[in-house]
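Hey, can you work out the whole structure from these sequences and the hints?
In order, the protein sequence lines correspond to chains B and G.
For what it's worth, the numbering used here labels the leading residue of the first sequence as 1, then goes sequentially.
For what it's worth, the numbering used here labels the leading residue of the second sequence as 1, then goes sequentially.
Simulated from the structure, these hints should not be mistaken for lab results.
Keep in mind it's a predicted model, so treat the numbers as computed, not measured.
Please note that the accuracy of each hint is not assured.
[Stated by the list, open to error] To give an idea of the interface, some chain B residues facing chain G are shown, with a C-beta separation under 8 angstroms as derived from the structure:
1) V29
2) L84
3) D113
4) F120
5) T124
6) E133
7) V139
8) S143
9) G147
10) G153
11) Q155
We put the CB at the ideal spot given by N, CA and C, even for glycine.
Protein chains: 2
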Amino acid sequence: MLKNYLKEKREFIDENIKNCLDELKYPQVIAEGMKYAVLNGGKRLRPILLLMTLELLGEEKEKGIPAAVAIEMIHSYSLVHDDLPALDNDDYRRGKLTTHKKYGEAQGILIGDALLTHAFNVLTSKNQIITPEKIVEIVRLTSQCAGINGMIGGQMIDIESEGKNIDLPTLQYIHTHKTGKMISLPVEIACIIAGIDGDRKEKLIEYSELIGLAFQIKDDILDIEGDFEKIGKPVGSDTELGKSTYPSIFGMEKTKEMLAEKIAAAKKIIHSEFQSEKGRLFVELADYIQDREK
Amino acid sequence: MLKNYLKEKREFIDENIKNCLDELKYPQVIAEGMKYAVLNGGKRLRPILLLMTLELLGEEKEKGIPAAVAIEMIHSYSLVHDDLPALDNDDYRRGKLTTHKKYGEAQGILIGDALLTHAFNVLTSKNQIITPEKIVEIVRLTSQCAGINGMIGGQMIDIESEGKNIDLPTLQYIHTHKTGKMISLPVEIACIIAGIDGDRKEKLIEYSELIGLAFQIKDDILDIEGDFEKIGKPVGSDTELGKSTYPSIFGMEKTKEMLAEKIAAAKKIIHSEFQSEKGRLFVELADYIQDREK
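Laid out in C-alpha cells, this is it:
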C-alpha cells in the first residue's frame with residue numbers, strides 16, 4: 001500500500017516541480033542546473049510528508065503544492081551547497097555528478113542561491129487556494145527552519161565538528177537542525193493549512209521529529225553498511241571526513257537499537273492518535289525509513 | 001539637505017538591522033559573520049530609497065522597516081557570495097577583509113545562505129502594520145528581483161562574460177539585472193505599501209531604473225579612476241578579471257556623457273511629476289550618485 005502511495009505522490013510532486021522549473025529559461029546554465037539539482041530521482045520524503053499530513057487531516061492536497069515544491073527546492077539547494085569543495089567536497093550524489101562538478105563551482109554556488117530564492121517565489125505564487133495570512137505564516141516558518149536557527153545552523157556545527165570527538169548533545173543538535181527541522185517543517189505547514197492546533201498538531205510534529213531523527217541515524221548506518229550502487233555515493237564518506245555519527249559514538253549494535261526505538265515511538269503516536277486508513281500510511285512510512293536501503 | 005537626510009536614515013536603518021541580527025546567537029560564527037557582512041558602513045542606498053519613496057507618497061516609514069532590513073540582507077549576501085574564490089575572488093571590500101577571508105570559505109558560503117534565508121524571515125516577521133496581502137506581494141517581488149530572473153541572472157551572465165568582448169545588449173542585461181533589479185525593488189515595494197499604481201508608480205520605477213543604471217556606470221568609472229582609500233577595494237579589478245564595462249566598450253569620455261544623460265533623465269521625471277520638498281531629495285540623490293567618490 002505504501003509503496004504505491006509513495007510512487008504516485010512522487011510522480012505528482014515531480015510533475016509539479018517540473019512545471020514550475022520549466023518556466024525558467026535564462027540564464028540557461030542556471031535554469032538547467034536548477035532542474036539538474038532537483039529532478040534527480042530523489043525520494044521526495046519532505047513533500048510527501050506534507051501531502052500525507054494534509055490528507056490525514058482531511059484537506060485537499062492541492063493546497064499544499066506550492067509548499068511541497070518549495071521545500072524540495074530548499075532541500076536540493078542545501079545539497080548543492082553541501083557538496084561544494086569548501087564543504088563536503090563530494091563528486092557524486094545519487095549516482096550522478098554533483099551540480100558543481102557538472103556545471104562548475106561558481107555555477108554551483110549560484111544555482112543553489114537561485115533554488116533557495118525561487119522557493120520563496122513559489123511559496124508566494126499567485127492564485128493560491130489558501131489565505132494570505134497562512135502564506136505569510138508558511139514563509140516565516142520555512143525561513144526559520146531553513147536558516148541559522150534550523151538547517152544552516154546544523155550544517156555549520158556539523159562542519160565545525162569534523163575531526164573532533166563531539167558529545168551527544170552536539171550530535172543531537174546537528175541532527176535535529178541539519179535534517180530534523182526540514183522534516184518537521186512539512187508536517188507543521190500541513191497543520192497551518194488545515195488550521196489545526198493544540199494536541200493533534202503537537203503529536204504530528206513529535207512523529208515527524210522521531211522519523212527525522214530515525215532517518216538521520218539510518219543515513220549514518222548506510223554510510224557504513226550501504227551499497228554504492230543503491231545509495232549512489234561512496235560508502236564511508238563520514239569516516240573519511242572525520243564526522244562523528246551514531247555508530248562512531250555508540251557502536252553499530254546500540255545504534256540499531258536506538259533506530260528501532262525511534263521508529264517504535266513514532267508508530268505508537270499514530271496508533272494511539274490517528275487510527276484511520278490514512279494513519280496506517282504513517283506507520284508504514286516509519287517502517288520504510290527503518291528498512292530502506294538507499 | 002540630502003547629506004543630513006542620508007545620515008539620519010542610514011543610522012535608522014543600521015539600528016534596525018542591528019536589532020534584528022542581535023537576536024541571532026548560535027552557531028556563533030554564523031551570527032557574527034552575518035553582522036560582519038551587513039554592518040560594514042555600507043551606503044544603504046536600497047533601504048534609503050524605500051524609506052524616501054514611502055515618505056514621498058505620504059506613508060509612515062515604519063511600514064517599510066522589515067523590507068528595508070531584508071533588502072540590505074539580500075544585498076549583503078550577494079556581495080559575500082560574489083567575493084568567494086570561485087567567483088570574483090576578492091580579499092577586500094569597503095577596506096575590510098571579505099567575509100570568507102575573515103571566517104573561512106565554507107563559513108562564507110553558509111553566512112551568505114543564512115542572510116538570504118533570514119531576509120525572508122524578516123519580511124514575514126510578526127506584528128507588522130501592513131496587511132498579509134501586501135506582505136505576500138512583497139515576498140513574491142523580492143524573490144523575483146533577487147533570483148534567476150533578477151540579480152542572480154545578472155551575476156551569472158557577468159561571470160560568463162569575463163574575458164570576452166560582449167555586445168551592448170549583454171552589458172545592459174548584466175547591469176539591469178545584477179544591480180538594477182535590487183535598486184528598483186525598494187521603490188516598487190514602497191508603491192505596494194502605499195497602495196499606489198498606474199502612472200505615478202511607473203514614473204517612480206523609471207526613476208529608480210535610471211539611477212540604478214547610473215550607479216553601475218559610476219561604479220565602472222570608479223573602478224578605473226577611484227581611490228583605494230575611498231572605495232575600499234583595489235582599483236582596476238574589473239580590468240584584471242577581463243570584465244566588459246562601459247569605459248571598456250565606449251571609452252571614458254562617452255561613458256561620462258552617458259552617466260550624465262541618465263542622471264538628467266532621472267531628474268526630469270521628478271521635476272515634472274513630484275514637485276514637492278520630498279521630491280527635491282530625489283533630485284539631490286541623483287546628483288549624489290553621479291558625483292560620489294565611493
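How the hints compare with the structure:
Taken as an interface hint, V29/B checks out: its beta carbon lies about 7 angstroms from the nearest beta carbon of chain G, inside 8 angstroms. For the restraint placing L84/B at the interface with chain G, the shortest Cβ-Cβ distance is roughly 7 angstroms, inside the 8 angstroms limit, so the hint holds. Because the smallest distance between the Cβ of D113/B and any Cβ of chain G comes to about 6 angstroms, under 8 angstroms, the interface hint for this residue holds. Taking 8 angstroms as the C-beta contact cut-off toward chain G, the hint placing F120/B at the interface holds, the least distance being around 4 angstroms.
The interface hint given for T124/B is met, as the beta carbon of that residue sits about 4 angstroms from the closest beta carbon of chain G, less than 8 angstroms. Evaluation of the E133/B hint against chain G yields a held restraint, the C-beta minimum of about 5 angstroms falling below 8 angstroms. Annotation: V139/B was flagged as interfacial toward chain G, and the flag holds, the nearest CB pair being 4 angstroms apart, inside 8 angstroms. The interface hint given for S143/B is met, as the beta carbon of that residue sits about 4 angstroms from the closest beta carbon of chain G, less than 8 angstroms.
With a cut of 8 angstroms, the hint placing G147/B at the interface with chain G holds, because the nearest CB-to-CB distance is about 4 angstroms. Hint status for G153/B relative to chain G: holds, with the closest Cβ pair at about 5 angstroms, below 8 angstroms. Taken as an interface hint, Q155/B checks out: its beta carbon lies about 6 angstroms from the nearest beta carbon of chain G, inside 8 angstroms.
Hint violations for this structure: none, all hints satisfied.
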